[in-house]
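Residue numbers (numbering that gives the first Met the number 0), protein chains in the order written: chain A, 0 to 329; chain Y, 0 to 379.
There's no promise every hint is true.
Stated by the list, open to error - No farther apart than 25 angstroms at their CA atoms in a straight line, the calculated lysine to aspartate or glutamate pairs in the DMTMM-like style are these:
id	chain 1	residue 1	chain 2	residue 2
1	Y	18	A	97
2	Y	236	Y	135
3	A	71	Y	118
4	Y	206	Y	195
5	A	56	Y	121
6	Y	23	A	109
7	A	133	Y	156
8	Y	18	A	102
9	Y	86	Y	194
10	Y	295	Y	363
11	Y	206	A	213
12	A	133	A	181
13	A	101	Y	251
14	Y	42	A	109
Hints listed in this document are in silico derivations from the structure and should not be mistaken for laboratory results.
These numbers were taken from a predicted model, which means no experiment stands behind them.
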Amino acid sequence: MTTWVELEKFQPVAVKMINNSITRQRIAHAYLFHGPPGTGKQEASLLFAMRYFCENKDEHSSEPCHECVSCKRIQSGNHPDLHWIEPDGQSIKKDQIEYLQKEFTYTGLESNQKFYVVKQAEKMTVNAANRLLKFLEEPSQDTVAVLITEHSGQMLDTIVSRCQRIQFHTLSGEHLYQQLLDQGLAESTAKLFSSMKMDVNQAVEWNEDDWFAEARKIVIQLMDKVMNSNEEGYLYLHQVYLKHFQGRESLEFGLELLLIWFQDIISLHLDKQDSVVLIDQMERLEQFHYIVSLSEAKTLIYEVLYTKRRLAQNVHPTLAMENLILQLQR
Amino acid sequence: MKILIEREPLMASIQNVMKAISSKTTIPILSGIKLEANDQGVKLTGSNSDITIESIIPKEEDGVINIHEIIPGQIVVQAKFLPEIIKKLPNNQVEIDVDDDLNLKIKSGHAEFKLNGQDAEEYPQLPMLQTENSFDLQIDLLKMLIRQTNFAVSVSETRPILTGVHLKLEENLLELVATDSHRLASRKISMNDAEELFFNNVVIPGKSLSELNKILDETQDTIQISVTDNQILFRTKNVYFLSRLLDGNYPETSRLIPNQSKTVVKVNSKELIESIDRASLLAKDNRNNIVKLVTKGQNTLQITSNSPEIGHVEETLETDSIDGEELKISFNAKYMIDALRAIDSDKVSINFTGAMRPFVIRPEEDDEQILQLITPVRTY
Numbered sequence: 000m001t002t003w004v005e006l007e008k009f010q011p012v013a014v015k016m017i018n019n020s021i022t023r024q025r026i027a028h029a030y031l032f033h034g035p036p037g038t039g040k041q042e043a044s045l046l047f048a049m050r051y052f053c054e055n056k057d058e059h060s061s062e063p064c065h066e067c068v069s070c071k072r073i074q075s076g077n078h079p080d081l082h083w084i085e086p087d088g089q090s091i092k093k094d095q096i097e098y099l100q101k102e103f104t105y106t107g108l109e110s111n112q113k114f115y116v117v118k119q120a121e122k123m124t125v126n127a128a129n130r131l132l133k134f135l136e137e138p139s140q141d142t143v144a145v146l147i148t149e150h151s152g153q154m155l156d157t158i159v160s161r162c163q164r165i166q167f168h169t170l171s172g173e174h175l176y177q178q179l180l181d182q183g184l185a186e187s188t189a190k191l192f193s194s195m196k197m198d199v200n201q202a203v204e205w206n207e208d209d210w211f212a213e214a215r216k217i218v219i220q221l222m223d224k225v226m227n228s229n230e231e232g233y234l235y236l237h238q239v240y241l242k243h244f245q246g247r248e249s250l251e252f253g254l255e256l257l258l259i260w261f262q263d264i265i266s267l268h269l270d271k272q273d274s275v276v277l278i279d280q281m282e283r284l285e286q287f288h289y290i291v292s293l294s295e296a297k298t299l300i301y302e303v304l305y306t307k308r309r310l311a312q313n314v315h316p317t318l319a320m321e322n323l324i325l326q327l328q329r
Numbered sequence: 000m001k002i003l004i005e006r007e008p009l010m011a012s013i014q015n016v017m018k019a020i021s022s023k024t025t026i027p028i029l030s031g032i033k034l035e036a037n038d039q040g041v042k043l044t045g046s047n048s049d050i051t052i053e054s055i056i057p058k059e060e061d062g063v064i065n066i067h068e069i070i071p072g073q074i075v076v077q078a079k080f081l082p083e084i085i086k087k088l089p090n091n092q093v094e095i096d097v098d099d100d101l102n103l104k105i106k107s108g109h110a111e112f113k114l115n116g117q118d119a120e121e122y123p124q125l126p127m128l129q130t131e132n133s134f135d136l137q138i139d140l141l142k143m144l145i146r147q148t149n150f151a152v153s154v155s156e157t158r159p160i161l162t163g164v165h166l167k168l169e170e171n172l173l174e175l176v177a178t179d180s181h182r183l184a185s186r187k188i189s190m191n192d193a194e195e196l197f198f199n200n201v202v203i204p205g206k207s208l209s210e211l212n213k214i215l216d217e218t219q220d221t222i223q224i225s226v227t228d229n230q231i232l233f234r235t236k237n238v239y240f241l242s243r244l245l246d247g248n249y250p251e252t253s254r255l256i257p258n259q260s261k262t263v264v265k266v267n268s269k270e271l272i273e274s275i276d277r278a279s280l281l282a283k284d285n286r287n288n289i290v291k292l293v294t295k296g297q298n299t300l301q302i303t304s305n306s307p308e309i310g311h312v313e314e315t316l317e318t319d320s321i322d323g324e325e326l327k328i329s330f331n332a333k334y335m336i337d338a339l340r341a342i343d344s345d346k347v348s349i350n351f352t353g354a355m356r357p358f359v360i361r362p363e364e365d366d367e368q369i370l371q372l373i374t375p376v377r378t379y
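Construct the entire structure; sequences and hints are all you get.
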């Protein structure tokens, strides 16, 4: 279990701000934790909630005790006055906010303190966000809200302006890389995951998953096919690629891998051998960077990013991928 | 923990606490029943976080031994399967055994179940009972109080505080008020032994009260009611019912009730209910369910309802007396019927203060104990 001290090592500013507001007893009614994935936003809100409900609080320290009944139940998700709201499918629905609203018209079950955390807060529907606004504006006593988001730009301005914003900085790739190596990942995999800014626990999980190894192989083969004008990348897409990458999340992951591939080609063009991610594919990259010029690689990166956006806009995945392959085909 | 217990009382207790457990909970531990054994007996707890029901099986009751063997301890067990398991056990005695790894063993005759339990420490901690802040009521009286006020709570969540019944105790007078801002129901009763005690702004959710009403039997026994900061406890001999309260300030309602009147109608309650019910037959489809009431000479009322698409209904009703100004007033028939039923008296007196002002219904023996207020509907 992490502690503030551990978290402070890679989020010095954010942790300091939260800690100060706790020790000086100036806890705001709403916080917005924003920053890229895997930067400890959720850990921070968990620690915050634990300190808030902890039964052995030390006035001068922001650290929860980790041992009392409240701390334990927060960790196991059984504390009755702490509420987590997560997207139900694609978005956070109005009903979920209504549940929260109802919950807050009641007195607390154990104490009169209440704490709620909204994960991926940018996924609230407009209706839900406006409902939330109502009680963000008029909080009852001793209520703390934490909204967590990776895209603070997608949130309603009216919500953002009512929260204290706390920015979680991108982890340095180096730091993450080191952590992943400590977890016993292979160098090439660690490099890949750290460049994707993946959460450590998730990275370890993926590393043991065959799906991931296969995915990586397929992406590299796909690049082989599209970079070679004799081969049919289009066919490969249908026969292999789309069968493996099914569902929105895995498709996005595939695109993420493609992005890294092109980033590496750019790195080679700029003679920055150190920043190449796919170190085990050096030969291939060397070979392809003669085929794809610097400016071409740049255009193709834009194409991949467009495809990502199209998928988010519910364009049919097969069509979006077909379109991308036609653009990539040399 | 280990207990050897009679099946009947255990089953009854499980059925009591199951009423509080809902299948969809946000907190995983609340899908379970908490079993707690100490030297006096076994306590079962079920909760959906809004209401909590505790049921106690004493070791020995009226000379009947319920529990033969107790080693204290506690555990939380999945509520989904427990009732069926206990119900279908072959023997009249059940042995429940919990080991240190939270495994639960239920043995009866030759049948043996092994269930995975959860740590009882994870279960919400209920507030300690403060017995000095409590008073007693008869159960049938409490049930009547609930019946007479709870129907008037608001069903819409726009003003959440109105979804509850307001409880106030002051100078030995207990007052319950419920309103949805279109109608108001109020009931007062005088207490005997509560001089020391007073509280205000205790708002019990209407849903909790209906639940409580279902659980209690119509008996003369007393029930002890205690109020704490965030919960209210209703305590009968072996069943404790806890509910969370609504947070916020209940609006001041005493000023809403008019203290003078221009027209007073005294009428047989049952006849009035029946005639309004008939008139509302045509109005029911309408959004407001509006019925019109007009005073006529010779102590008669005319009750009409008109829905242009369906038809028209008209009825005259003899009253005991009509005093004061002539009146034409329209109101929601359902509110009127609810109010008359709640008053539960043969004769009622209705005090009007003009067609645009709320009117008050009281039983004719005017003892100010129960009062129903309805706001009229504006018609053209």
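Here's how the hints hold up against the structure:
1. 18(Y) / 97(A): 24 angstroms, holds
2. 236(Y) / 135(Y): Within the cut-off at roughly 12 angstroms; holds.
3. 71(A) / 118(Y): 11 angstroms, holds
4. 206(Y) / 195(Y): Violated, because 30 angstroms separates the two Cα atoms, which is more than 25 angstroms.
5. 56(A) / 121(Y): 19 angstroms, holds
6. 23(Y) / 109(A): Holds. Residue 23(Y) to residue 109(A) sits at ~20 angstroms (cutoff 25 angstroms).
7. 133(A) / 156(Y): Holds. Residue 133(A) to residue 156(Y) sits at ~13 angstroms (cutoff 25 angstroms).
8. 18(Y) / 102(A): Since the Cα atoms of residue 18(Y) and residue 102(A) sit roughly 20 angstroms apart, the hinted pair holds (cutoff 25 angstroms).
9. 86(Y) / 194(Y): Not OK: residue 86(Y) and residue 194(Y) at ~47 angstroms, beyond 25 angstroms, violated.
10. 295(Y) / 363(Y): OK: residue 295(Y) and residue 363(Y) at ~21 angstroms, within 25 angstroms.
11. 206(Y) / 213(A): 55 angstroms, violated
12. 133(A) / 181(A): Answer violated: residue 133(A) to residue 181(A) is near 46 angstroms, above 25 angstroms.
13. 101(A) / 251(Y): Holds, because 22 angstroms separates the two Cα atoms, which is no more than 25 angstroms.
14. 42(Y) / 109(A): Given that 25 angstroms is the threshold and the Cα spacing comes to 19 angstroms, the pair holds.
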